[in-house]
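Just so you know, we're using the numbering used here here: the sequence shown kicks off at 49 and counts up by one.
If you're looking for bench data, these hints aren't it; they were derived computationally from the structure. Keep in mind the model is a prediction, meaning the values are calculated, not measured. Note that the Cβ used here is the ideal one computed from N, Cα and C, for glycine as well. There's no promise every hint is true.
Each computed DSBU-like pair below joins lysine-lysine, with the alpha-carbon atoms no more than 35 Å apart [unchecked claim]:
| hint | residue 1 | residue 2 |
| --- | --- | --- |
| 1 | LYS103 | LYS266 |
| 2 | LYS103 | LYS413 |
| 3 | LYS220 | LYS328 |
| 4 | LYS260 | LYS413 |
| 5 | LYS129 | LYS328 |
| 6 | LYS123 | LYS220 |
| 7 | LYS103 | LYS287 |
| 8 | LYS123 | LYS260 |
| 9 | LYS361 | LYS328 |
| 10 | LYS129 | LYS266 |
| 11 | LYS286 | LYS146 |
| 12 | LYS220 | LYS286 |
| 13 | LYS108 | LYS287 |
| 14 | LYS284 | LYS129 |
| 15 | LYS103 | LYS284 |
| 16 | LYS146 | LYS220 |
| 17 | LYS108 | LYS286 |
| 18 | LYS260 | LYS141 |
| 19 | LYS113 | LYS123 |
| 20 | LYS286 | LYS103 |
| 21 | LYS113 | LYS103 |
| 22 | LYS123 | LYS108 |
| 23 | LYS129 | LYS260 |
| 24 | LYS328 | LYS103 |
Pair ranges (Cβ atoms, derived) [claimed, not checked]:
| hint | residue 1 | residue 2 | range |
| --- | --- | --- | --- |
| 25 | LYS260 | GLU331 | 44 to 52 Å |
| 26 | ALA363 | ALA388 | 26 to 34 Å |
| 27 | THR176 | THR219 | 32 to 40 Å |
| 28 | SER211 | GLY377 | 26 to 34 Å |
| 29 | THR182 | PRO429 | 32 to 40 Å |
| 30 | GLU281 | ALA363 | 51 to 59 Å |
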Amino acid sequence: MTNALQMTRRMMLAGAAVAGALTPVIVAGAAHADEHADAADTLKATKRALVDISKLQREKVELVKPPFVHAHTEKAEGDPKIKEFTLTIQEKKMILDKEGTEVNAMTFDGSVPGPLMVVHQDDYVELTLVNPDTNTMQHNIDFHAATGGLGGGALTVVNPGESTVLRFKATKAGVFVYHCAPPGMVPWHVTSGMNGAIMVLPREGLTDGHGKPLVYDKVYYVGEQDFYIPRDENGKFKKYDSPGEAYEDTIAVMRTLTPTHIVFNGAVGALTGDNAMTAKVGETVLIVHSQANRDTRPHLIGGHGEYVWATGKFANVPDVDQETWFIPGGTAGAAIYTFAQPGIYAYVNHNLIEAFELGAAAHFKVTGDWNDDLMTSVSAPSGT
Numbered sequence: 049m050t051n052a053l054q055m056t057r058r059m060m061l062a063g064a065a066v067a068g069a070l071t072p073v074i075v076a077g078a079a080h081a082d083e084h085a086d087a088a089d090t091l092k093a094t095k096r097a098l099v100d101i102s103k104l105q106r107e108k109v110e111l112v113k114p115p116f117v118h119a120h121t122e123k124a125e126g127d128p129k130i131k132e133f134t135l136t137i138q139e140k141k142m143i144l145d146k147e148g149t150e151v152n153a154m155t156f157d158g159s160v161p162g163p164l165m166v167v168h169q170d171d172y173v174e175l176t177l178v179n180p181d182t183n184t185m186q187h188n189i190d191f192h193a194a195t196g197g198l199g200g201g202a203l204t205v206v207n208p209g210e211s212t213v214l215r216f217k218a219t220k221a222g223v224f225v226y227h228c229a230p231p232g233m234v235p236w237h238v239t240s241g242m243n244g245a246i247m248v249l250p251r252e253g254l255t256d257g258h259g260k261p262l263v264y265d266k267v268y269y270v271g272e273q274d275f276y277i278p279r280d281e282n283g284k285f286k287k288y289d290s291p292g293e294a295y296e297d298t299i300a301v302m303r304t305l306t307p308t309h310i311v312f313n314g315a316v317g318a319l320t321g322d323n324a325m326t327a328k329v330g331e332t333v334l335i336v337h338s339q340a341n342r343d344t345r346p347h348l349i350g351g352h353g354e355y356v357w358a359t360g361k362f363a364n365v366p367d368v369d370q371e372t373w374f375i376p377g378g379t380a381g382a383a384i385y386t387f388a389q390p391g392i393y394a395y396v397n398h399n400l401i402e403a404f405e406l407g408a409a410a411h412f413k414v415t416g417d418w419n420d421d422l423m424t425s426v427s428a429p430s431g432t
């Protein structure tokens with residue numbers, strides 16, 4: 049490959065960073081933060097700085113790989129806390145389908161999506177973001193749940209071999225996307241897998257918006273991801289040694305706005321078969337679903353969204369008894385369902401082409417006793 053088509057580590061860290069439309073904004077945001085660092089004494093006198101951080105209890109949280117979610121309480125216990133998280137950025141090859149299609153993925157903690165973080169409203173999120181020196185590119189993190197500094201993106205730009213610590217107050221209740229947003233490379237990083245979600249629970253827990261508490265037995269996190277894999281002259285998916293080498297070809301596919309794969313949790317079939325999510329009849333499951341880039345339409349075949357926060361904000365009264373719900377791109381949504389029948393439930397993006405042809409499908413495997421009152425075969429299929 050010619051030098052003109054190659055993107056070296058130096059080019060990715062220097063050239064791409066100055067090319068992006070967000071560069072002036074991020075640089076200005078960081079400078080703005082630096083200018084006001086000396087004004088800390090003044091800020092302490094304002095309403096925004098009444099909390100003495102040094103007196104808050106700290107809690108270190110160990111994250112787990114989706115669709116699973118780390119242990120947490122549905123209701124807050126005691127006063128607001130500082131919740132400590134660590135995310136380590138991994139650039140890695142991932143296999144997308146049974147044909148062996150590769151993507152040079154960019155990830156938080158090695159998974160697509162990154163782990164779901166759970167805190168309560170008014171807690172403080174304190175994130176250590178690590179970019180190991182084995183990586184090749186600059187990264188950062190933008191929390192849609194945060195206030196100021198491009199969601200933290202202006203304060204967290206880390207080159208390989210660097211780490212940073214960001215703290216923000218979780219003032220809004222709901223589920224929110226987080227994603228990488230480095231200068232000049234935002235859509236490429238997001239569509240290469242670098243996104244996840246955070247859930248900020250109300251301190252009193254979830255309700256139906258009319259005073260009725262809503263509790264769940266399990267929570268699963270489904271991250272929907274669109275990938276754009278280049279093809280060769282024969283229509284075969286191409287493979288590359290590094291993300292930088294794939295950059296120009298991948299951008300060309302991205303600009304068609306036509307994904308080659310739309311998958312749940314990083315690969316076709318990642319949440320089916322032996323990897324299906326599980327439940328029992330009578331169990332109530334909270335499903336958190338994010339899509340950092342494109343609109344989506346979750347649907348549970350054979351079930352319903354009994355309570356749905358389609359845009360994920362728990363201060364809003366949830367919709368009830370939904371068949372399909374709409375989650376806009378750049379948003380995380382949440383839905384609650386109590387399983388009433390055993391069997392395999394398909395959970396899909398109900399753009400059925402995207403579900404069945406491109407990979408946006410998962411399974412719930414539910415055990416328990418069948419209820420004939422809800423459904424029964426009156427007459428088995430037979431010839432005339």
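Results of checking the hints against the structure:
1. LYS103 with LYS266: With a Cα-Cα distance of about 33 Å, the restraint between LYS103 and LYS266 holds, given a limit of 35 Å.
2. LYS103 with LYS413: violated, 45 Å
3. LYS220 with LYS328: holds, 32 Å
4. LYS260 with LYS413: holds, 28 Å
5. LYS129 with LYS328: Holds - the C-alpha atoms of LYS328 and LYS129 are around 33 Å apart, at most 35 Å.
6. LYS123 with LYS220: holds, 15 Å
7. LYS103 with LYS287: Roughly 52 Å between the alpha carbons, so the hint for LYS103 and LYS287 is violated.
8. LYS123 with LYS260: holds, 14 Å
9. LYS361 with LYS328: At roughly 27 Å apart (the allowed maximum being 35 Å), LYS328 and LYS361 satisfy the hint.
10. LYS129 with LYS266: At roughly 23 Å apart (the allowed maximum being 35 Å), LYS266 and LYS129 satisfy the hint.
11. LYS286 with LYS146: Given that 35 Å is the threshold and the Cα spacing comes to 15 Å, the pair holds.
12. LYS220 with LYS286: violated, 43 Å
13. LYS108 with LYS287: violated, 39 Å
14. LYS284 with LYS129: violated, 51 Å
15. LYS103 with LYS284: violated, 58 Å
16. LYS146 with LYS220: Violated, at about 41 Å.
17. LYS108 with LYS286: Distance of about 41 Å is beyond 35 Å: violated.
18. LYS260 with LYS141: Roughly 46 Å separates the two Cα atoms, so the pair is violated.
19. LYS113 with LYS123: holds, 23 Å
20. LYS286 with LYS103: Outside the cut-off at roughly 54 Å; violated.
21. LYS113 with LYS103: Measuring from Cα to Cα gives roughly 31 Å; hence the hint holds.
22. LYS123 with LYS108: holds, 18 Å
23. LYS129 with LYS260: The given pair, whose Cα atoms are some 26 Å apart, holds under the 35 Å limit.
24. LYS328 with LYS103: violated, 42 Å
25. LYS260 with GLU331: 44 to 52 Å: violated, 19 Å
26. ALA363 with ALA388: 26 to 34 Å: Once the Cβ atoms are compared, 29 Å apart, the range 26 to 34 Å for ALA388 and ALA363 holds.
27. THR176 with THR219: 32 to 40 Å: Given a distance of about 21 Å, which is not inside 32 to 40 Å, the answer is violated.
28. SER211 with GLY377: 26 to 34 Å: Taking Cβ atoms as reference, SER211 and GLY377 lie about 30 Å apart, which means the hint holds.
29. THR182 with PRO429: 32 to 40 Å: 57 Å Cβ-Cβ, so the 32 to 40 Å window is violated.
30. GLU281 with ALA363: 51 to 59 Å: Since GLU281 and ALA363 have Cβ atoms about 53 Å apart, the given range 51 to 59 Å holds.
Hints 2, 7, 12, 13, 14, 15, 16, 17, 18, 20, 24, 25, 27, 29 from the earlier list are contradicted by this structure; the remaining hints agree with it.
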